[in-house]
Amino acid sequence: DTAVSQTPKYLVTQMGNDKSIKCEQNLGHDTMYWYKQDSKKFLKIMFSYNNKELIINETVPNRFSPKSPDKAHLNLHINSLELGDSAVYFCASRPRVGTNYGYTFGSGTRLTVV
Amino acid sequence: TQLLEQSPQFLSIQEGENLTVYCNSSSVFSSLQWYRQEPGEGPVLLVTVVTGGEVKKLKRLTFQFGDARKDSSLHITAAQPGDTGLYLCAGNPAGNKLTFGGGTRVLVKP
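Chain order of the listed sequences is E and G. All the letters of the first sequence, read from the start, carry residue numbers 1 to 114 under our numbering. All the letters of the second sequence, read from the start, carry residue numbers 1 to 110 under our numbering.
To be clear, the hints were calculated from the coordinates, so they are not data collected in a lab. Please note that the accuracy of each hint is not assured.
With a straight-line cut-off of 20 Å between C-alpha atoms, the simulated EDC-like cross-links for lysine to aspartate or glutamate are [unchecked claim]:
hint	chain 1	residue 1	chain 2	residue 2
1	E	Lys41	G	Glu5
2	E	Lys9	G	Glu41
3	G	Lys59	G	Asp83
4	G	Lys57	G	Asp67
5	G	Lys97	E	Asp38
6	E	Lys44	G	Asp83
7	E	Lys41	G	Asp83
8	E	Lys36	E	Glu58
9	E	Lys36	E	Glu24
10	E	Lys44	E	Glu82
11	E	Lys9	G	Glu38
12	E	Lys36	G	Glu38
13	E	Lys40	G	Asp67
14	E	Lys36	G	Glu5
15	E	Lys40	G	Glu5
Construct the complete structure from the given sequences, taking the supplied hints into account.
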């Protein structure tokens, strides 16, 4: 199936731990994103990569570090997890930079920090 | 204050009724997109509207882009339980950042 795939689907971890979320798309898209959805369902952009190059870096704590080994993969590593990091994280992709292209989202990773 | 304001935040209706969801901004957008998100899943693109005044139909869903390209609406005719979900409007105010509205949660009761 052509899709944006995220792993894991659920992640429960203790404060202070370091964790990673992986994302892969087989759509041949150039641009990938990480979004965070809070408990009120508001989606906020975190990072964007275009052909492995970081093009958007919102005001996200330095504990969050994205990595794109190739244009089909965008991973998110989080250091020293805090309670406030609990949220659903979505990976997304679109064909290329341009305002009218639709985004394809993964099914999300629900991160719970205890 | 969000760049895109959606109203209402929540809508509960009976199957067969009609509903309208609004997405408003003080900024001009070159295009707006509508997504539907179901529990446990990511948002799924429904439509992109590009031209001011444009109307697009997707079965029982009608999308309209305001003439000034600052607002959009989604109208569902004869809603069905399968229409239940979180409806999100989104636009690119500048460059490559898709910005979302706060969403409208729609519940269609059988």
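Here's how the hints hold up against the structure:
Taking the CA atoms of Lys41(E) and Glu5(G), the gap is near 14 Å; set against the 20 Å cutoff, the hint holds. Simply put, Lys9(E) and Glu41(G) have alpha-carbon atoms about 10 Å apart, close enough for the 20 Å limit, and the pair holds. Only pairs whose Cα atoms come within 20 Å are accepted, and Lys59(G) paired with Asp83(G) is accepted, the gap being roughly 12 Å. Between Lys57(G) and Asp67(G) the CA atoms are separated by roughly 17 Å; this keeps the pair inside 20 Å, and the hint holds.
The hinted pair formed by Lys97(G) and Asp38(E) meets the criterion: a straight-line CA distance of about 18 Å does not exceed 20 Å. A C-alpha spacing of about 24 Å is found between Lys44(E) and Asp83(G), which places the hinted pair above 20 Å, so the restraint is violated. Restraint check for Lys41(E) and Asp83(G): satisfied, since their Cα atoms lie roughly 18 Å apart, inside the 20 Å limit. Taken as a hint, the Lys36(E) and Glu58(E) pair is honoured in the structure, with Cα atoms around 11 Å apart against an allowance of 20 Å.
This hinted pair checks out: Lys36(E) and Glu24(E) have alpha carbons roughly 17 Å apart, not beyond 20 Å. At roughly 18 Å between alpha-carbon atoms, Lys44(E) and Glu82(E) fall within 20 Å of each other, so this suggested pair holds. Using a Cα cut-off of 20 Å, the hinted pair Lys9(E) and Glu38(G) holds, with the two alpha carbons roughly 15 Å apart. For a cut-off of 20 Å, the pair hint linking Lys36(E) to Glu38(G) stands: about 16 Å separates their Cα positions.
Distance restraint check for Lys40(E) and Asp67(G): the Cα-Cα separation of roughly 31 Å exceeds the 20 Å cut-off, and the hinted pair is therefore not satisfied. A hinted pair counts as satisfied when its Cα atoms are at most 20 Å apart, and Lys36(E) with Glu5(G) qualifies at roughly 18 Å. A hinted pair counts as satisfied when its Cα atoms are at most 20 Å apart, and Lys40(E) with Glu5(G) qualifies at roughly 14 Å.
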